[in-house]
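Protein chains in written order, with this note's numbering: chain A, 1 to 595; chain B, 1 to 595.
Don't take every hint at face value.
Note: identical chains are not told apart, hence a pair may lie in one copy or across any two.
Claimed, not checked - Under the rule of at most 20 angstroms between Cα atoms (straight-line distance), these lysine to any residue pairs were calculated in the SDA-like manner:
#1 LYS487 with GLU404
#2 LYS403 with GLY448
#3 LYS401 with GLY448
#4 LYS383 with ILE412
#5 LYS401 with HIS489
#6 LYS403 with TRP447
#7 LYS403 with GLU523
#8 LYS47 with TRP22
#9 LYS401 with TRP447
#10 LYS307 with HIS325
#11 LYS487 with HIS400
Hints were generated in silico from the structure; no laboratory data involved. Computed from a predicted structure; not experimentally measured.
Each chain, letter by letter, is given below.
2 protein chains.
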Amino acid sequence: MTVQDARTPADSQVSGDIKPGWHKGYITGSRPDLEVPVRRVHLTNGKAVTLYDTSGPYTDPDVTTDVRRGLAPLRENWIITRDDTEQYAGRELRPEDDGIKHTSPRGGNLRNLDAVFPGRPRQPRRGRDGAAVTQLAYARRGEITAEMEYVAIRENVAPEFVRDEIAAGRAVLPANVNHPEIEPMIIGKNFLVKVNANIGNSAVTSSIEEEVEKMTWATRWGADTVMDLSTGRNIHTTREWVLRNSPVPIGTVPLYQALEKVDGRAEDLSWEIYKDTVIEQAEQGVDYMTVHAGVLLRYVPLTARRKTGIVSRGGSIMAAWCLAHHRESFLYEHFEELCDILATYDVTFSLGDGLRPGSIADANDEAQFAELRTLGELNRIAKSRGVQTMIEGPGHVPMHKIKENVDLQQEICEEAPFYTLGPLATDIAPAYDHITSGIGAAMIAWWGTAMLCYVTPKEHLGLPDRDDVKTGVITYKIAAHAADLAKGHPGAQDWDDALSDARFEFRWEDQFNLALDPDTAREYHDETLPAEPAKTAHFCSMCGPKFCSMKISRSITEQFGGDADATPEEIEAGMLEKSKEFAASGNRVYLPLAD
Amino acid sequence: MTVQDARTPADSQVSGDIKPGWHKGYITGSRPDLEVPVRRVHLTNGKAVTLYDTSGPYTDPDVTTDVRRGLAPLRENWIITRDDTEQYAGRELRPEDDGIKHTSPRGGNLRNLDAVFPGRPRQPRRGRDGAAVTQLAYARRGEITAEMEYVAIRENVAPEFVRDEIAAGRAVLPANVNHPEIEPMIIGKNFLVKVNANIGNSAVTSSIEEEVEKMTWATRWGADTVMDLSTGRNIHTTREWVLRNSPVPIGTVPLYQALEKVDGRAEDLSWEIYKDTVIEQAEQGVDYMTVHAGVLLRYVPLTARRKTGIVSRGGSIMAAWCLAHHRESFLYEHFEELCDILATYDVTFSLGDGLRPGSIADANDEAQFAELRTLGELNRIAKSRGVQTMIEGPGHVPMHKIKENVDLQQEICEEAPFYTLGPLATDIAPAYDHITSGIGAAMIAWWGTAMLCYVTPKEHLGLPDRDDVKTGVITYKIAAHAADLAKGHPGAQDWDDALSDARFEFRWEDQFNLALDPDTAREYHDETLPAEPAKTAHFCSMCGPKFCSMKISRSITEQFGGDADATPEEIEAGMLEKSKEFAASGNRVYLPLAD
Chain A
1 MTVQDARTPA
11 DSQVSGDIKP
21 GWHKGYITGS
31 RPDLEVPVRR
41 VHLTNGKAVT
51 LYDTSGPYTD
61 PDVTTDVRRG
71 LAPLRENWII
81 TRDDTEQYAG
91 RELRPEDDGI
101 KHTSPRGGNL
111 RNLDAVFPGR
121 PRQPRRGRDG
131 AAVTQLAYAR
141 RGEITAEMEY
151 VAIRENVAPE
161 FVRDEIAAGR
171 AVLPANVNHP
181 EIEPMIIGKN
191 FLVKVNANIG
201 NSAVTSSIEE
211 EVEKMTWATR
221 WGADTVMDLS
231 TGRNIHTTRE
241 WVLRNSPVPI
251 GTVPLYQALE
261 KVDGRAEDLS
271 WEIYKDTVIE
281 QAEQGVDYMT
291 VHAGVLLRYV
301 PLTARRKTGI
311 VSRGGSIMAA
321 WCLAHHRESF
331 LYEHFEELCD
341 ILATYDVTFS
351 LGDGLRPGSI
361 ADANDEAQFA
371 ELRTLGELNR
381 IAKSRGVQTM
391 IEGPGHVPMH
401 KIKENVDLQQ
411 EICEEAPFYT
421 LGPLATDIAP
431 AYDHITSGIG
441 AAMIAWWGTA
451 MLCYVTPKEH
461 LGLPDRDDVK
471 TGVITYKIAA
481 HAADLAKGHP
491 GAQDWDDALS
501 DARFEFRWED
511 QFNLALDPDT
521 AREYHDETLP
531 AEPAKTAHFC
541 SMCGPKFCSM
551 KISRSITEQF
561 GGDADATPEE
571 IEAGMLEKSK
581 EFAASGNRVY
591 LPLAD
Chain B
1 MTVQDARTPA
11 DSQVSGDIKP
21 GWHKGYITGS
31 RPDLEVPVRR
41 VHLTNGKAVT
51 LYDTSGPYTD
61 PDVTTDVRRG
71 LAPLRENWII
81 TRDDTEQYAG
91 RELRPEDDGI
101 KHTSPRGGNL
111 RNLDAVFPGR
121 PRQPRRGRDG
131 AAVTQLAYAR
141 RGEITAEMEY
151 VAIRENVAPE
161 FVRDEIAAGR
171 AVLPANVNHP
181 EIEPMIIGKN
191 FLVKVNANIG
201 NSAVTSSIEE
211 EVEKMTWATR
221 WGADTVMDLS
231 TGRNIHTTRE
241 WVLRNSPVPI
251 GTVPLYQALE
261 KVDGRAEDLS
271 WEIYKDTVIE
281 QAEQGVDYMT
291 VHAGVLLRYV
301 PLTARRKTGI
311 VSRGGSIMAA
321 WCLAHHRESF
331 LYEHFEELCD
341 ILATYDVTFS
351 LGDGLRPGSI
361 ADANDEAQFA
371 ELRTLGELNR
381 IAKSRGVQTM
391 IEGPGHVPMH
401 KIKENVDLQQ
411 EICEEAPFYT
421 LGPLATDIAP
431 AYDHITSGIG
441 AAMIAWWGTA
451 MLCYVTPKEH
461 LGLPDRDDVK
471 TGVITYKIAA
481 HAADLAKGHP
491 GAQDWDDALS
501 DARFEFRWED
511 QFNLALDPDT
521 AREYHDETLP
531 AEPAKTAHFC
541 SMCGPKFCSM
551 KISRSITEQF
561 GGDADATPEE
571 IEAGMLEKSK
581 EFAASGNRVY
591 LPLAD
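Bound conformation, chain A alone (with noise of 0.2 angstroms):
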C-alpha cells in the first residue's frame, strides 16, 4: 500500500481560514522550545487584545500542516529528555481493531499505519519499569516539566501554582507520552473553565474524514479537548487520524471500541478484552479515558424505577453485563491494575457517570449519588497510584439541584476536577438542547466544574453535523466563560471590557473580531446594514441615524467623564454650567450624521 492509496482526509479546511482580525502569537517560556501560542486581537484603535488559542498549528501562516504527516511532536524531546520512558514493540495491531470480524473476508485488510503516516516511527513509549511517568507523580515530587511551565503561561500563573494543584489532584494536565503532539492545557476549578467537543463516527453514519475535520473545526472555535465516541468501524485508524493531528487532548471511552471486539453482545466482555483495548488506546496516545467503574452490581435495581433508566451507553454495557454474569464489574474489580496502566503512558482518568440521570425526574436520585460515591474511592486509589483523574458528571438536572452535584462531587472526591455533560436545566426542548444544557453549563462552572462537555442542537436526534459542533462550541464557551467571569478569575473580564469599549465607541470591526463567532456576528450586522459605511457610522440599525442611546450617552461621557477626580456632587454642580452651554449651542447634545 502507497501513501497515495491511504484513506486520507480532505485537506483541513482550517488551515489559512484565519479571521482577519486575528494573529497568532506566541510567548516564548524560559526555553526556545517551549512557545505558547495566543490569539491577538489587533484593534483599530492600535491597542491589541490576547486571547487563549486552542486552534493549533492550523492557523500559524508560517506552519505548512499536511494531514498525511501529522502535527509537529511539540513534546518529544522534553519526554526523551526527562529519560523515565522507554519504546518498546507494541502492541500487534490486529483486524477487530477496526471493527473486521476475524472471519471477514476482509480481514486482511487493516491499513497499515507505517504507510499512513510514513517517517512516524510507530514504537509506542511508555514508563521504564513500570514507572507512574504522569504529571501527577512529577508535581508530588516538586518537580515542575516543560508542561506544567507551558500551562502556567497560557494561564497567566506562576508555574509552582499550577505543579501545586495537580499535586493536590484539583488539577490533571492530560498529556499521554504517546500524543507529543499537543498543546499543553489543564483542567481545574482554579484555572479558565474548558470546553470538550465529542466528534466520532457511528455504526450507522460518517466517515474518518468527517471525524478529523470536526476535530479541527471544533478547536477551531475553541474546544479544549476533544473526545472520539466513534462506535463503527475503523475506530482505530479514525483515532490514529485524530490523534495524530489534533492539538489538543484526545479523550476516548475504550469500552465502545471493546465492545465493538465482541460484536457488540456486553455480556461476551471481559477484563483481558477491555485491557488490550486500554493498552491499544493508550499506545497510539490517547490522553484521557472514561472509565465507568462505579457503575456497581447492586446499583442496577436503583435504576429500574427510574423515567428513563441508564442513559450512559458505557454505564448501560456495565449494567448488561453485571446482569448477565450476576457478578461484580470487571472494571471495578481490575481498578488498581488498570491504573497501573494508565499511569505508564500518563493517561488520565475520567471516571464515567454511567448512572448519570437522563431526565429531570432522575436528578439527583439514590443511583446517581451512590455512584457518586463509589468514584470518590477509586478517585483516591487512582491518585495513590499516581493517575491523574477527573469525575465526570451529569446529564438532565433542574435548576435548583444543580449546585449539590458539585457540592457532592468537590467533597466525596477530594476536589478533583469535575467534568460534566451540561446538564441540561429542562427536558422540553429537543433540537435546542445546546441551550438547555448551556444553562445549567454556565451554572454548575461557576460553582466550581472545571470542564463542560458540550451538547449540539443534534442531541437526542442525530449525529452532529459541522455546524451542530461550531453552535455546540460556541455556546459552550460562552457557558464557560461566563462561568469564568462570576468566578472572578483574573483577566476575565478584560475580554468583555475590550468589546464593550468597540462597542461604545462603534468601532464595528473591533466588535467582530472579538467577538467569539466574528464570521456571524459581521452577517447579522450586514444584513441589515449591508454597506461597508455602515462599518465605521457613528449608530446602528436598531434605532437608527435620528436618535443614538449610545451617542447621546458618550456625549455625557466627554462631558461629565474626564475629571477623574471629581466626586458626583462636583459633576452635578457642573451640570448647570454645561447645560447653559447646550442652550447656547442649539439645545443639541450631539450632532446627528443624518436627518
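Chain B: place on chain A using the hints.
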C-alpha cells in the same frame, strides 16, 4: 378610501398552521363566554398532555380570522357588564401620530382607521368620572373579575389566589379596557414565568405587515406578551393593526412615539406632548407602558464614568432632556397625574430601568441601584392610585451579581413583578446573545423574576427577522420553563416527564410533538434517519441499531421495576435468579433489531 385600498398585512401564516400533534382545546369557566384555550398534545399511547397556549384563535381550525377585521372582542361584554366605564369621543387623530410632519406634503394621508377596521367601534372607553377601572382596584375591593377567573383556570389555581396576588401588588393582569381582544394572562412570581417578545419597525427598515406577522408568529411559539417598539413612520397605524389582531397584551414605550413627534429632538419633548401620546395609545388599547420615570437629573452624572454609559433608549432620551433643561424629569414630576390617566384605562406600568447596565463592567453600579430605589418610590405611588405596576430590570450582569438584582428589587419594590431583559451573562458573544442572556434569564427567573423580555440572535447587530423572533422566543421559553421547574411550580415537571417517557419508550412522534419546536426536532432527526420506519424504531442514530443504552435500560426496568413494593434489597435478591434466566436464554438482555 375603501377597505380594499387600505394597506393590509399579508394573510397571517399562522392560521391553520397547526402542528399535527397539537390540538386546540378549551376549558370553560363559570360562564359560557369564559373559555380558556389550551394546547392538547395527543400522544400515540392514547394519553394527552395539556399545555398553556398563547397562540390565540389563529390555531383554532373552527375560527376564521381576518386581519382586516381583527380578533373578536372576547372581553367586551365583561367590561360593559362591570358598568364602570364610559365611551367618549376620544382624542382626534393627527398626521404626526404616524410620524408625518405638519408641513409635509404627505400630511393629509393619515389612514382612516374606521375604514381599515370597518364595523369596529372607534369610540374609546375609560373609567367613568376618572375612576380607576383596574384589576388592582377590583382585587382590593375583593372582587373576582372574569379576567381573574380566566387566568385562574389558565394557571390551575384558585380565583381567590389570583385576586389576592393582584391586590398585594405581587402580580399584574395587563388588560386595557380598550383591548378587549386579549386572552387574559397574569404576571407574578407565584405564577408561570412569562416571556415577552419585542417587535417594531424602525427608522431603518421593516414594514407594518412584517410587524403584525412577527406578533402572530411570536405568540405562535409561546410569547405571553408583545412589545411594539416601532420608531419609524406609521407608528400609530402599525400599533392599531397589532392591537386589533393580538391575543396577548401589548406593551409600548410611549416616549419613542413622543420623540418622533418632536422630530427626534429630545430637548423638545414636554409633559404635554408625552401625555397626549399616552392618551393616544391608551385609547388604542395598549395594555402596559414602559415609563422611564426613574431617570433623575442627579443620576445622570453617575453614568459618566461607566464603560457603556446609558444604553436604554428611553433612559438616554430622558437624560438628554434633563441635561438640556437642567430640570428634573417631567415624567417624575408629573408621575401622579400619569398614574391617574393610566388608572382610567387600566394600563399597567412597566417602570423602565433607563440606567440599566449595558456591559458586564457596569453591572450593579451606583447609577443602576439609585434608579431602582426611585422605582420603588414610584411603585408605591402607582399602587396607591390603583395602577398595576411591574418593574423592569437589567441588562448585562455576570452570574454572581444576578441574584442581588432580584433580591433588591423585590425588597425595594414590595415584591412587585420584576420584568428583566436577560440579563446577558457575558459581553463576548454578539450573534449569540439569545444564549448569553438565556443563561441569565433562567437564573433570574428562578430567583423571582416574573416575566423575561426575550433577546434575539440579532441583539446589538441588527433587526430580528422571523427566524430570529422564533429563536428568541424558544430560547426564552426554555429559560422560563427551567425556572418554573427550579421553583417547583406545581405541575411544571409534568411536561418534562411526558417528553422523557416518550424518549425512553422510543415514541419519536410524541417526542417531537411535545417539544417546544416540533418542526426542528423532527427535521434534525430526519437528517440522519429520514425513513419513516425510523420514527417507530427502537433505536436512534447516536448508537445505531446494534447497541442501545435505552433498550438495555428498558429491559432492566421491565425485569426489576415491576414490583412497586419491592425494596432494593429484594430486587437485588431477585437478580441472581434473573441472571440464570438470561444465561438460559443465551445471555441476551435484549433482542437486536438488526445485526
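We went through each hint and held it up to the structure:
When the C-alpha separation of LYS487 and GLU404 is checked against a cutoff of 20 angstroms, the pair qualifies both within a copy, at 17 angstroms, and between copies, at 16 angstroms. Within a single copy, LYS403 and GLY448 get their C-alpha atoms as close as 9 angstroms, and across copies as close as 18 angstroms, so both meet the 20 angstroms cut-off. In this assembly of identical chains, the alpha carbons of LYS401 and GLY448 lie at most 20 angstroms apart whether taken from the same copy (14 angstroms) or from different copies (17 angstroms). For a Cα distance limit of 20 angstroms, the shortest separation of LYS383 from ILE412 inside one copy, 14 angstroms, qualifies, whereas the shortest one across copies, 51 angstroms, does not.
Taking CA atoms no more than 20 angstroms apart as the test, LYS401 paired with HIS489 passes between copies only; the shortest distance there is 14 angstroms, against 24 angstroms inside one copy. In this homomeric assembly, LYS403 and TRP447 come within 20 angstroms of each other (Cα to Cα) both inside a single copy, at 7 angstroms, and across copies, at 14 angstroms. Within a single copy, LYS403 and GLU523 get their C-alpha atoms no closer than 38 angstroms, and across copies no closer than 34 angstroms, so neither meets the 20 angstroms cut-off. Taking the shortest alpha-carbon separations for LYS47 and TRP22, only the intra-copy value of 13 angstroms comes in at or below 20 angstroms, while the best inter-copy value is 55 angstroms.
In the homo-oligomer, the alpha carbons of LYS401 and TRP447 lie at most 20 angstroms apart both inside one protomer (12 angstroms) and across protomers (14 angstroms), since each shortest distance falls under that limit. Taking the closest pair of Cα atoms, LYS307 and HIS325 never come within 20 angstroms of each other, the shortest separation being 25 angstroms inside a single copy and 65 angstroms across copies. Taking the shortest alpha-carbon separations for LYS487 and HIS400, both the intra-copy value of 19 angstroms and the inter-copy value of 8 angstroms come in at or below 20 angstroms.
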